[in-house]
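Residue numbers (this note's numbering): 124 to 264.
If you're looking for bench data, these hints aren't it; they were derived computationally from the structure.
Everything numeric in this text was worked out from a predicted model, so none of it was measured.
Check each hint, because a few of them may be wrong.
[What the hints assert, rightly or not] Simulated pairs of lysine-lysine, BS3-like, Cα-Cα distance not exceeding 27 Å: (1) Lys146 <-> Lys180; (2) Lys232 <-> Lys162; (3) Lys146 <-> Lys162; (4) Lys155 <-> Lys232.
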Amino acid sequence: MDEIRYYMEENLLSVGPDDTAAKAARFMLGHKVGSLLVKSGEDEYIGIVTEGDLSRKIIAQSRDPEKTRVREVMSQPIRSIESSRLTPTALIQMNKNHIRHLAVTDGGKIVGLLSINDFIAYYANLYSRNKQAEGPSALGG
124 MDEIRYYMEE
134 NLLSVGPDDT
144 AAKAARFMLG
154 HKVGSLLVKS
164 GEDEYIGIVT
174 EGDLSRKIIA
184 QSRDPEKTRV
194 REVMSQPIRS
204 IESSRLTPTA
214 LIQMNKNHIR
224 HLAVTDGGKI
234 VGLLSINDFI
244 AYYANLYSRN
254 KQAEGPSALG
264 G
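Let the hints inform the model, and build the full structure from the sequences given.
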């Protein structure tokens with residue numbers, strides 16, 4: 124139950140490399156996500172665009188988001204981790220690489236995304252399991 128596959132987001136949302144940064148930002152806002160995969164072709168992911176990318180590469184540089192293409196601001200290569208790896212391993216990798224989003228792969232194919240926010244669910248689950256192992260009094264009962 125500590126494998127990444129149990130905490131990742133399986134609904135892969137994407138934009139195209141020639142979409143505008145403004146379109147990507149609106150799509151993120153509408154879907155309440157902090158990142159989108161950048162898809163070129165049928166199933167080829169070529170990058171990831173995050174809220175951080177938009178902030179650092181558009182807003183901070185006073186670029187026009189309606190004229191800037193996703194390909195100009197996306198991060199690549201896509202950093203990834205296998206779905207069978209343990210969740211803390213992903214957190215270590217994210218911390219080491221100073222990133223907040225990580226693609227999750229199964230046999231080399233992207234099957235999900237893991238966000239720093241997904242660790243809230245992981246650690247809440249871990250805390251609950253530990254408290255249950257300690258008995259009813261540990262849960263405040």
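Hint check:
no.: 1; hint: Lys146 <-> Lys180; result: holds, 15 Å
no.: 2; hint: Lys232 <-> Lys162; result: holds, 13 Å
no.: 3; hint: Lys146 <-> Lys162; result: holds, 14 Å
no.: 4; hint: Lys155 <-> Lys232; result: holds, 24 Å
In this structure, every one of the numbered hints holds.
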